[in-house]
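> Respectively, the protein sequence lines represent chains A and B.
Residues 436 to 837 in my numbering are what the first sequence lists, from first letter to last.
Residues 4 to 477 in my numbering are what the second sequence lists, from first letter to last.
Be careful, since some hints might not be right.
These stretches of chain A come out as covered by chain B in the derived footprint (C-beta under 8 angstroms, 3 or more residues) [claimed, not checked]:
#1 487-493
#2 529-536
#3 821-829
In short, the hints are calculated from the structure, not lab data.
Where a beta carbon is used, it is the ideal one built from N, C-alpha and C, also for glycine.
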Amino acid sequence: MSKRSIAVQLLLIMSLLLGGVGCTNSTELNDLSVVLAMGIDDKNGKYEISMQIVDPSQMSANRIAERSPTTVFSETCHTVFECFRKVTTKTSRKMYFSHLKMIIFDEKTAKLGIKQPLDMMFRDPEIRPSFQLAVIKNKKAKDVLELVTSTEVLPAQEMYKSLKVSERYWAQTSSVNVLQLLRAFEMQGMEAVITGMTLSGDSKKGKKLDNVKTPSTPASFNYEGIGMFIDDRLAGWLNEDESKAYTYITNRLNSTVADIKCPSSKKLFVAEVVRSKVSKKPLVIDGEPRMKLIANVEANVGEVECDIDLTKESEIRELEEHTGYELKEIMEQGIRKTQKYKSDIFGFGEEFHRFYPKRWSRWKERWNEMYAELPVDIEVQYSLKRVGKMISPITRTKNGEE
Amino acid sequence: MEAMPQRFYNKLNDNIDAMLSIMGHSIDFTYRVVRMANNQRAALIYLDGMVDMQAMQDGVIRPIMERALVQDNVLDHMKDQVLESGNASYAHSMPDALEKIIAGSLLVLVEGVHTGLLISLPGWEERAVTESTTQSVVHGPQNAFTENVRTNITLVRRRVRDLRVRISSVTVGTMTKTDVAVMYINGVAEQKLVNDLLAKLGEVKQDGIFDGRYLEELITERKRQTVFPTFFNTDRPDSIAAGMLEGKIAIFVDGTPFVLLVPAFFTDFLQSPEDYYQPYLFSSLMRLLRYAALFVCLIAPAAYISLTTFHQDMLPTPLLLSLAAQRENVPFPAFIEAFIMEVIFEILREAGIRMPRTIGQAVSIVGSIVIGQAAVEAGIVSAAMVIVVAITAMSSFVIPSYSMSIAIRVLRFLFMIIASLYGVYGLTIGVILLIVHLCGVQSFGMPYMSPFAPYKKGAQRDALIRFPYRSGSR
Numbered sequence: 436m437s438k439r440s441i442a443v444q445l446l447l448i449m450s451l452l453l454g455g456v457g458c459t460n461s462t463e464l465n466d467l468s469v470v471l472a473m474g475i476d477d478k479n480g481k482y483e484i485s486m487q488i489v490d491p492s493q494m495s496a497n498r499i500a501e502r503s504p505t506t507v508f509s510e511t512c513h514t515v516f517e518c519f520r521k522v523t524t525k526t527s528r529k530m531y532f533s534h535l536k537m538i539i540f541d542e543k544t545a546k547l548g549i550k551q552p553l554d555m556m557f558r559d560p561e562i563r564p565s566f567q568l569a570v571i572k573n574k575k576a577k578d579v580l581e582l583v584t585s586t587e588v589l590p591a592q593e594m595y596k597s598l599k600v601s602e603r604y605w606a607q608t609s610s611v612n613v614l615q616l617l618r619a620f621e622m623q624g625m626e627a628v629i630t631g632m633t634l635s636g637d638s639k640k641g642k643k644l645d646n647v648k649t650p651s652t653p654a655s656f657n658y659e660g661i662g663m664f665i666d667d668r669l670a671g672w673l674n675e676d677e678s679k680a681y682t683y684i685t686n687r688l689n690s691t692v693a694d695i696k697c698p699s700s701k702k703l704f705v706a707e708v709v710r711s712k713v714s715k716k717p718l719v720i721d722g723e724p725r726m727k728l729i730a731n732v733e734a735n736v737g738e739v740e741c742d743i744d745l746t747k748e749s750e751i752r753e754l755e756e757h758t759g760y761e762l763k764e765i766m767e768q769g770i771r772k773t774q775k776y777k778s779d780i781f782g783f784g785e786e787f788h789r790f791y792p793k794r795w796s797r798w799k800e801r802w803n804e805m806y807a808e809l810p811v812d813i814e815v816q817y818s819l820k821r822v823g824k825m826i827s828p829i830t831r832t833k834n835g836e837e
Numbered sequence: 004m005e006a007m008p009q010r011f012y013n014k015l016n017d018n019i020d021a022m023l024s025i026m027g028h029s030i031d032f033t034y035r036v037v038r039m040a041n042n043q044r045a046a047l048i049y050l051d052g053m054v055d056m057q058a059m060q061d062g063v064i065r066p067i068m069e070r071a072l073v074q075d076n077v078l079d080h081m082k083d084q085v086l087e088s089g090n091a092s093y094a095h096s097m098p099d100a101l102e103k104i105i106a107g108s109l110l111v112l113v114e115g116v117h118t119g120l121l122i123s124l125p126g127w128e129e130r131a132v133t134e135s136t137t138q139s140v141v142h143g144p145q146n147a148f149t150e151n152v153r154t155n156i157t158l159v160r161r162r163v164r165d166l167r168v169r170i171s172s173v174t175v176g177t178m179t180k181t182d183v184a185v186m187y188i189n190g191v192a193e194q195k196l197v198n199d200l201l202a203k204l205g206e207v208k209q210d211g212i213f214d215g216r217y218l219e220e221l222i223t224e225r226k227r228q229t230v231f232p233t234f235f236n237t238d239r240p241d242s243i244a245a246g247m248l249e250g251k252i253a254i255f256v257d258g259t260p261f262v263l264l265v266p267a268f269f270t271d272f273l274q275s276p277e278d279y280y281q282p283y284l285f286s287s288l289m290r291l292l293r294y295a296a297l298f299v300c301l302i303a304p305a306a307y308i309s310l311t312t313f314h315q316d317m318l319p320t321p322l323l324l325s326l327a328a329q330r331e332n333v334p335f336p337a338f339i340e341a342f343i344m345e346v347i348f349e350i351l352r353e354a355g356i357r358m359p360r361t362i363g364q365a366v367s368i369v370g371s372i373v374i375g376q377a378a379v380e381a382g383i384v385s386a387a388m389v390i391v392v393a394i395t396a397m398s399s400f401v402i403p404s405y406s407m408s409i410a411i412r413v414l415r416f417l418f419m420i421i422a423s424l425y426g427v428y429g430l431t432i433g434v435i436l437l438i439v440h441l442c443g444v445q446s447f448g449m450p451y452m453s454p455f456a457p458y459k460k461g462a463q464r465d466a467l468i469r470f471p472y473r474s475g476s477r
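The shape of chain A in the complex, shown without the other chains (with noise of 0.2 angstroms):
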């Protein structure tokens, strides 16, 4: 082959790549305005969609104006990819979704059904499947996302990095994934939960850059409970022991603080859990399902009010045995719960579908009616490894010399 012919076709090659991936897709920084959260609002029945853009400007080290770091845009249609495009009449920007980081539902629609606008969500190529999600009670989604936030100055960022930091130090809040939310959709004996929000203080006062300049802000959001799902739509709330319940069994627990009454008097003392893990063994009890879960969780005493005497190995059994006992009882307020609302956010009828295949075949159709009445028994291994820098109680040291 001539060096010509090859000279040509390799002009030909890349003049066909430039109609595939060419300049046309290119877009410079300043083009792009950076989507990094959304609220999906139900409007009189259509979607109303806000996105908080970021202003790049504000994030440099030598910002123009005090302007807020973000742009809440909202557009209402029936479609969520219709707001998207109807929204750059607003804008002189083109949307980017990729580094999307939360997406708020409000109650409404949560409790409407999010298959539906979520998606688009998985459909786009631009989105990357990494977000998390939220349900704002009683606010709508707009709302919080027009907040200014005092630790970030992001407020999309806040939210993230929020909820982020508390599934990992306090076992009542969940952070749902978008792709976990998928994985419970498409399990049949599973089903999904979304964490929730509530925002506190005065709402219009947060809208303002006001709202830090003072050192304890008037309004903000906070992380309370987890939705529970039945398929796609909201069914019930579980409250913080409730959803401390959830955080244990789904073995999604890094460390939390529980606190526990002490066994002889009405003071309190604080186990720090630091291990925790829950084995689920479902057993076929005469043709009918049963669930046994074994809890084996690992502590540090982290405070203690109680009188008691830590040197002495017989007083931690006891208190071992008590806030296993204590631990017992919120995972059965926790079950007890979500069998009222038929919703299995445990996944137990995953294991029914893994242990007795041929049998959830049969179960699969009316599981969730099942599931309300299932038997569970708690098994608890509680230990206490460490207490710390010192043994007995400060309070009891003093009475001790008297």
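Please build the complex by placing chain B on the supplied structure of chain A, with the hints as guidance.
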């Protein structure tokens, strides 16, 4: 100009007049007439500044004035008994004699004798053997080649005391008649390569050769041309000696301190002589660092362009926002921005090299302040772009071989264009095509990417990393 007489005349004055007219009465063409001890007239003809005046005085003039007493065959007498310095030989033709004179010989003509005596007494001002300026090392040998081919050969000879070392010489350049010496170790270097090289050197048709680079271009076949250097050049005798031990052939060109080594492989250009004078662990790490720097130098601006214009999703969110903030007021697309900065940097570098050393300071101040700070503050380029250009520039200095660094600098612009059109996808294809090209390059018939492609297991000991000397033999 009258036709050049082929032979010498009998009369001394005729000879002198003829030669003067051939040389066009150039002012450095000097003759001096002396009376020998036997009362005959003799003329010494030479180029002023090309011969060693002291040796001429003591070893030629004084002996013939005092001791050349014989009347018959005075030239034989002089050659064998009188002269004290220089290699003497007979000159029968005037053109040959003139050629020798302009190369630094002294011609002695005697009245009534139509043969001359050529005495080789070259002696001109020379740079002494100094430290290497292009490839300096902390440890290890410091001396570097000079412009004199003889000195250079000696510097290598002294390092390799082997009877099998062979040196042959060719004269290249129709006008400059430059001495080109080829040095190799017989039995270690492939004889076929040596013969090939000598044949090709003989075929070179060029008016002048002032550096090895001429040969590199003239010898390489047209269809094998590439941006990558296929001849290794260095001014360090230790590199040349080490290369010869590996079976390479050294090419010395008179008049330049840079000696060539063929065949050269890609890996050679990323090795520093210092690699062998430092602990192997450190050398290996440094070598890996150099490969990384080469890669950075090649694709850093291109990667920046493609990430910020095509693949914003591949950046972490805070970085994206920070980059977006910097780009907020930049009026140009990322490619133009990168191109401007790279071109400005190349201008700065060129200015820094060509400037007299005293003004060099001013260049660096203007460069660092204007380009580094003012351009960013004026909003013409983003700060991140300056960082990218700076990293690229520093990386290009890490590459030990200047000729490799030039090739990478040129390719960098090509990659920037590809990145601006096709993004990371194009960049990937570009790198693949580059590797394909590299695998096709040959240096004197040897594959350039050896020992990676074709893979040679034994040679891996000194490719990407340097193995300890003691771990088995080659």
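> State for each hint whether it applies.
Taking the hints in turn, this is what the structure says about them:
1. A stretch counts as covered by a chain when three or more of its residues have a beta carbon under 8 angstroms from one of that chain; for the segment 487-493 of chain A and chain B the count is 4, and the coverage holds.
2. Counting residues of the segment 529-536 of chain A whose CB lies closer than 8 angstroms to any CB of chain B gives 4, which reaches the minimum of 3, so the coverage claim holds.
3. With 0 residues bearing a CB less than 8 angstroms from a CB of chain B, the segment 821-829 of chain A misses the requirement of three and the coverage assertion fails.
The earlier numbered hint that this structure contradicts is number 3, and it is the only one.
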